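Listed below, chain by chain, are the residues.
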Amino acid sequence: MNPRLSPVLLQVLQVGTVALAAPGLSGFIARLEARLQGRRGPRILQPYYDIVKFFRKESLAPLEASWIFLAAPFVAFVCYLTIPLLIPVLTSYGLPLGYMGDILGGGFLLALASFAVALAAAETGSPYAQLGSSRSKTFGAITEPVVLFVVFTVALLTSTDLPYALAATVRQSAGQIVRPAHLLAAAAFFLVILYETGRIPIETHSGTNEFGMIEEARSFEHSGPYLAMLRWGAAMKQFILYIIFLNVFVAPWGLASDGSLAAVILAVLALLGKAALVGVGVAVIDDSFAKLRLFKISEFVAAAFLLAVLAVFTVYLGGG
Amino acid sequence: MPTGTPAPPVFDGVADVIAVLVLLAEFGMLRAALLPAQIRLYAGQSLLLAVLAAIAAQQRNVPDLYALAVLSAVLKVLAVPAVLRRMLRDTGTDIAGSGVLGVATRTLCALLATAFGFFATAGLPIRAAVLPRTALSLAVAAVLVAFILMIFRRDVVSQAVGFFSMENAVSLASLVIAATMPFLLEVVLLFDLLVAVVVFSALIRIHHNRRQSLSTRKLSGLRG
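Protein sequence lines, in the order shown, are assigned to chains D and W. My numbering puts the first residue of the first sequence at 1, with every later residue one more than the last. My numbering puts the first residue of the second sequence at 1, with every later residue one more than the last.
Hints listed in this document are in silico derivations from the structure and should not be mistaken for laboratory results. Computed from a predicted structure; not experimentally measured. Ideal Cβ placement from N, Cα and C applies to all residues, glycine included. Some clues are possibly wrong.
Computed list of chain D residues with no C-beta within reach of chain W, every gap over 12 Å [what the hints assert, rightly or not]:
no., residue
1, Asn2
2, Arg35
3, Asp50
4, Thr124
Distance ranges between label pairs, derived from CB positions [stated by the list, open to error]:
no., chain 1, residue 1, chain 2, residue 2, range
5, W, Ala129, D, Leu261, 51 to 57 Å
6, W, Ala33, D, Leu148, 27 to 33 Å
7, W, Leu189, D, Lys296, 51 to 57 Å
8, D, Ser257, W, Arg127, 38 to 44 Å
9, D, Leu9, W, Gln59, 31 to 37 Å
10, W, Leu101, D, Leu294, 15 to 21 Å
11, W, Val51, D, Thr138, 36 to 42 Å
12, W, Leu101, D, Leu148, 56 to 62 Å
The following block holds chain D by itself, in its conformation from the complex (with noise of 0.2 Å):
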């Protein structure tokens, strides 16, 4: 007994996993992290109580704030819920809404919510919430080329930019998987990821030290249910950014191959265990790193920089 799912129910199921798995991940890597440092740490569940604890409260905003502060928890949340649709989360072929945007598309939907995350910070007039927003366009404004260069391999090796094509061509051969252009690019996604989920080098994930703050200081001024989205919203961009890390650059095996329950189940399960393994190797870097000084970001950016700028020139000029 083997029932096939719709490609409609899969398509829900992809966004359904990104959504209800995520905050567990962010819990798993802090229980982790805790441990290796010494520490007994949060439960795993504990972002989830979390964000059942900030839905009951109640919602302040600053005085001088507008709609958009409200707005920007909402807009985030539904771009992070519309990503899943696009990429490979735990299907190897394009579902019927898998190919509404490419690997482009899914970039301008992560930088929609951080630019509306930022913009409502600025809002708030509070200062920390605002070093944090500018701090985080400012380094952002070289990791987005970074993204950029890593698309453009993508698209050099695949001659299309959508993620399950890549995803099958490392699928294809032992020499998709070694080749340099392809080690490069993945190498400077994944220091991308680093920035992007404000892991240490560029930043402490549960500290409360305002003067290193990036990420985590822009949701300051916000309280209640729109704090609850944010949390939320952050650790689905964290398992968004581990998918496509996965399953378009590293590790694209264990996806359903067909609509079967038993592959999907599969497809559930392997995915967890992957991005599990990738939250240990966060989670060591995290133990095993010192948060680097401010100004010294712009170096780390610039080394995932030149990875990203190699892996073109590898496989454009170099034909590696």
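For this one, chain D is given, so just place chain W on it according to the hints.
Okay, now just chain W, sitting in the frame of chain D:
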């Protein structure tokens, strides 16, 4: 399904990746603030090169390259870094004088040099027998980055390391275009490196004895 740029064979891919790592080590040397870290990177780069030569020897059946791999491993991974470390210990300085430009700007300059290296070799009608041609572009890029390293760092040790790593890049290029050249020639090239080591160590010692520092900035007083 559209194909895009076809994938090279696995061996070519691995060789290219090692060549990319050689270039990245060069970028690392350009960036490293501590001189011992720079020497470690040089040793790592030389090890990568020895591994590449050994892999090429095994895959392409060129037994000469085994001897070259062992010889360059002994010389460049162990002997040359040991000499450099010994000199650093004698001078008692770990941190180089700051470079002319900031790290990010230096990286961008080196990136431009890399682009030039790729453009310059892309049009060359070279058919490589042992290693893929991409490795040649990477080797030329590494030579240019080594030049940038020597120009932008203002200390004698960085300039020595830059020169030695340029030799690494040149031997990478020679692995691509002349892997089957007579073994004697390869050994002569390696001994050239030894001469350079002797010259540079004399230079570093004399400079340090006269100026009590490794920085070359003091030399600008010699201008007429």
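A quick look at each hint next to the structure:
Its beta-carbon lying about 27 Å from the closest one in chain W, D:Asn2 satisfies the requirement of being farther than 12 Å from that chain. For D:Arg35, the non-interface assignment is confirmed: its Cβ lies about 31 Å from the closest Cβ of chain W, beyond the 12 Å cut-off. Under the 12 Å C-beta cut-off, the non-interface status given to D:Asp50 relative to chain W holds; the minimum distance is some 37 Å. A cut-off of 12 Å between C-beta atoms confirms that D:Thr124 is not in contact with chain W; the least separation is 31 Å.
As the Cβ distance of W:Ala129 to D:Leu261 is approximately 54 Å, the hint placing it in 51 to 57 Å holds. At about 30 Å, the CB distance of W:Ala33 to D:Leu148 agrees with the hint of 27 to 33 Å. Roughly 39 Å separates the CB atoms of W:Leu189 and D:Lys296, a value that falls outside the hinted 51 to 57 Å. A beta carbon spacing of about 40 Å between D:Ser257 and W:Arg127 agrees with the range 38 to 44 Å that was offered as a hint.
For the hinted restraint 31 to 37 Å between D:Leu9 and W:Gln59, the CB-CB distance of approximately 49 Å leaves it violated. Taking 15 to 21 Å as the suggested C-beta distance range, the pair W:Leu101 and D:Leu294 conforms, at roughly 20 Å. For the pair W:Val51 and D:Thr138, the supplied restraint of 36 to 42 Å holds, since their beta-carbon distance comes to about 40 Å. Take W:Leu101 and D:Leu148: their Cβ atoms lie about 25 Å apart, and the range 56 to 62 Å is violated.
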